[in-house]
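Going down the list, the sequences are from chains P and B.
Numbering that gives the first Met the number 0 applies: residue 0 is where the first sequence begins, and numbers increase by one.
Numbering that gives the first Met the number 0 applies: residue 0 is where the second sequence begins, and numbers increase by one.
None of these hints come from the bench; they were simulated from the model.
Any given hint could turn out to be false.
Partial selection, computed: residues in chain B whose CB lies under 8 Å from chain P [to be verified]: (1) Arg202; (2) Pro203; (3) Glu255; (4) Asp410.
Pulled a few chain B residues facing chain P out of the computed Cβ check, cut under 10 Å [stated by the list, open to error]: (5) Leu46; (6) Trp50; (7) Gly126; (8) Gly204; (9) Ala249; (10) Met252; (11) Ser419; (12) Ala457.
For every residue, glycine included, the Cβ atom is placed at its ideal position computed from N, Cα and C.
Single-letter residue listing:
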Amino acid sequence: MIAYIVRRLISTIPVMAVVGIFVFMLLHLSPGDPAAIIAGDNASIENIAAIRSRLGLDRPLWVQFLEWVWNTLRGDLGISIFSNLPVTTLMLQRAEPTIALSFTTLVVAVSIAVTIGVLAAWKAGSLLDRAVMAFAVMGFSVPVFVVGYLLVFVFAMQLRWLPVQGYTPIAEGLAPWLHHLVLPSIALGLAYVALIARITRASMLEVLAEDYIRTANAKGVATGPMLLKHALKNAAVPIVTVIGIGVALLIGGVVITESVFNIPGVGRLVVDAIARRDYPIIQGVMVIFAGVYVLVNLAVDMIYTFLDPRIRY
Amino acid sequence: MKTSRRKLLQGAAAIAAAGLAAPHITRAYAQGARQARFVPHGDLRVLDPIWTTANMSAYHGAMIYDTLFGYDGNLQPQPQMVGRSNLSDDKLTYTFELRNGLKWHDGSAVTSADCVASLRRWAVKDGAGQHMMQRVKDIAAGDDKTLKIVLKEPYGLVLEALAKTSTPLCYMMKKEVAETDPNTQITKHIGSGPFKFVEGEYRPGSRVVYERNPDYVPRDEPASGIAGGKRVYLDRVIWDIIPDAQTAMAALMSGEIEFFEIPPLDLIDQLKSAPGVKLEVLNQLGNVGYGRLNHLHPPFNNVNARKAALYAINQEDILRVGVGNPAYYKVCGAHFTCGSPMEVNDGAEFLSMPMPQRQEKAKAFLKESGYDGRPVVVLQATDINFMNQAALVIAQSLRQIGMNVQLAASDWGGVVTRRSVKNPPDQGGWNIFITWGGGTATSSPINLFAHSAVGQNAWFGWPDNPLHEQLRNEWALAPTLEARKDVIHRMQKNMYDYVHDIKLGQWVGPVAYRGDRLKGILPVPEVIPWWNVQRIG
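Chain P extracted, bound-state conformation:
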C-alpha cells in the first residue's frame, strides 16, 4: 500500500509539470498586459513600458518560466503584481472561506444525496423515486447562480432569515459561520446532490438485485440494516468515485458561488486575477487546485480498499 502511494505521488510529478507548462503558456501567450492595466487608462506607452520593465515582464518568456518553476519548487509562488503581497499570503487569507464552503457543501450534499438515492432505489418506480429523479434532473439543469439568486430572494430578502452575502470566519463563532454558509452551500450543493443521488440510486438498484440481498431478506433482516449495512456498503465504490470526480465540479461551482454570495475565497481571487492578468496568482492557484484534485483522487483510491477488501494495490 505505501509503495503504491509513493508510486502514485511520484506519478503526479509529470501531471503537475504538464499543468504548470500549460497554465504558464496559456496565460503568457494570451492577450493581456498587466502593466497596461496597472498604468491605467491615462498612461503613455513609455509609462507602461517602464512598469513592464519593473515587473520583469519584458524578459524572455523562458527566463520567466524557469524562474517561476524554480521558485514554485521552493514553495514560493511569487508576489501579486497588483497588491504587492505574496501569493501564498493571499491564498491563505482566502483559503478558509473556500475550504469552509467546500466542506459544508460536501457534508450537506453527501448526506442528502445518499439518503434520497438509497430511498429512491428502495422504492424504485414509486412516486418518491420519480420525485427524487425529477429533483436530480432539476439540480443538473438549473445553473448555480440562478439557484443562488432565488435563495437570496426568498430566504434573505423576503423572509430575512439569512444574510444576503458575506462570510464570517469560524473564529468569530460557529453560529455566525454557519449562518453565512447555509445559502451558498445549498446553492453550490444542488448539482452535487443530483449527481450523487443518481449514482447512489443506480448503484443501489444493482446491489439490491443481488442474490445475497434476497437471502438477507429471506432470513428476515430488517430493512434499515439491510439497506445500510448490506446494500449501501457494497454500492459505495461508485458513489465514492463520483464524489471524488465531483470535486472538480465543486471547484468550478465555488468560483460562481463565491461571486454570487460575495464570499472572499480562492475562487474569487483567481477570477479577479484573470480579469487583470495577475499572473503569479493565477499560476499559483491553478497549480494548487490541480494538486488538490490529484490528491483527492488518490484519497478516493485509498478509500476503495476500506470499502472493498478485495481491492489491493
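We have chain P already, so just place chain B on it with the hints.
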C-alpha cells in the same frame, strides 16, 4: 434521567436554531452608529494612488492623504493643506505655507520637504504635472512649513493641477515614501488625511477598512468638493468589495450595506421603490465616451475617412443601447465636457443633422478618402457593457456607409494590450477602440493625456496636430477663464476639422445609499468623500 437518541437530536436542533438566530444580533451591532459599509465600483488592488491611475486607488488616496489644494464644489481650486499662498508680482514664484497642526498618521509633523518630494513624484506620472514641470525651474522647501514653486515663465494652471480631482491626484506623502521611484509601488501607507488605513484588516478583493484620524485638523470653511473642512463623523468606514451588482443591490435593500456606488441602470427602478434607499447623482459631469481612431494606418490616417466615421456614428444610438435610460445620458458635441466651464459647440453643428443626411455626407467623405475596402478592425471589450454595445453599433454604422468592419472581441484586458500596438491592423494593430473618461478629466485640455496630439508620443491613436498643441499651450498660459474659453472655441473647431476621435456621448450614474442611515454625502466628481458623512440611523 434517561437520554434517548430522539432527545439528543431535539437538543442539537434547538442549539443550532438558537445559534443561527444569534447572528441577527451580531449584525445589528456591526451596523450600529458611526460605521458605514460601502460597496465601491471595483476592487482596491493597488495602494499607491500615484503609481496607477486606477480610480479605486484615487478613492483610497482621498481617504488617507490630503492635497495642497483641492477643487471646491464649483471646480475652483482652494487651499487645503496650504494655509497661506502667494504669487509673486512677476507671476513666476508661488509660495505656499502649510497650515498649523498637520500631522502624518505616525504622529510626525508634515513638512515642506515631504511636500516637495510628493510633488516631484506625482509630476512624473500625471499629465497636468508633466505639463507644469516643463515650465518649472525649481520646487524647493524653504523652512519646515514653506515651499516654493519657481517657474521659467508665467503659467496659469499651477493651482488647477495641484487641486484637480481626476486621477492621479496630487496627494502628499511622507518624504521617505514619496522618494520611491514613481514606477515602483510604495509599501508604506502613511497619510495626513482624515482617515487612517487599517492595514491589518486589508483583504485585497474583499475588504478595506479605514478608521477616523483623531489628529486630523479640518479647515474652518464648510466642506465643498475635496476642499474645505473635512470633518469626520464616522469611526470606521468599511469597503466591501462585492463584484456582483445583483448581490450588492440585495445587500443594500436588506440593510447589510449603506452605500452602493454604481448600481446598474437597469436595476434603478427596483432601487427607487426600495424603502430607505436614496438615489443621487454625485458626479454631475459623469463620463464622456469616445471612439479612438488610429491615425497611423489607413483608412484613418486620412482626414476624410475620419470625417466619414464622425458623420456615420450616431451618439444617440450608442447611448440608447450602452446606457439605456435617457434620464441619465445626453448627446454632447463638446470636446471638453458638457456642463463644464469649457463647454462650447463649435464644429458640432452636424450633430443636429438628420441621420440619412449625415450618412450621405459620410459616404461622400469616404469616397473622397480613397478607401480601398481594407478591413477596419474595431476592438470590442465584451466584458464591459458600454464598450461591447458601442463596438457593435459603431461596426454597423460604418458598414452602412461601405466600410469593411471586423470586430476583434476580447476582454478589456485584451483591448488594453492591443491598443498600444502600433503595427498595422492586420499585424496585431487596430483601427478603433472604445473608452471613456471622467467628465472632469476630459474638461481640461491639459489634464487628460488623451487630449494631446503629438503624433507618436501622444496617447493611443497617436493623432498629430501641431495647431492643437499650439492651442493647448495657449490655453494653459491664458490668464483668465474668459481668455481660456476664447482659446477653447478655436481648439474645438480645429479638433473637429482634424477629427482626433469620435465623441460617443455623456452619461451620469446615480449612487444608491441608505438615506435612512446616512446624510451629508458631498457631490464630488471622481472621488467618493467620506468626510462630512453622518450616521443618522
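Do the hints match the structure? See the list:
1. With a cut of 8 Å, the hint placing arginine 202 of chain B at the interface with chain P holds, because the nearest CB-to-CB distance is about 6 Å.
2. Satisfaction of the interface hint for proline 203 of chain B is found here, the shortest Cβ-Cβ separation to chain P being roughly 4 Å, below the 8 Å cut-off.
3. A distance limit of 8 Å between C-beta atoms decides the matter here; for glutamate 255 of chain B the minimum to chain P is near 6 Å, and the interface restraint holds.
4. Taking 8 Å as the C-beta contact cut-off toward chain P, the hint placing aspartate 410 of chain B at the interface holds, the least distance being around 7 Å.
5. Restraint check, leucine 46 of chain B versus chain P: the minimum CB separation of about 8 Å is within 10 Å; hint holds.
6. For tryptophan 50 of chain B, the interface hint holds, the least distance from its beta-carbon to any beta-carbon of chain P being 7 Å, beneath 10 Å.
7. Below 10 Å, beta-carbon pairs count as interface contacts, and glycine 126 of chain B has one with chain P at about 7 Å; its hint therefore holds.
8. At about 5 Å, the closest approach between the beta carbon of glycine 204 of chain B and any beta carbon in chain P falls short of 10 Å, and the interface hint on this residue holds.
9. For alanine 249 of chain B, the interface hint holds, since its Cβ comes within 10 Å of a Cβ in chain P; the closest pair sits about 5 Å apart.
10. Satisfaction of the interface hint for methionine 252 of chain B is found here, the shortest Cβ-Cβ separation to chain P being roughly 6 Å, below the 10 Å cut-off.
11. The interface hint given for serine 419 of chain B holds, since its Cβ lies 5 Å from the closest Cβ of chain P, which is under the 10 Å cut-off.
12. The interface hint given for alanine 457 of chain B holds, since its Cβ lies 8 Å from the closest Cβ of chain P, which is under the 10 Å cut-off.
The structure meets every hint from the earlier list without exception.
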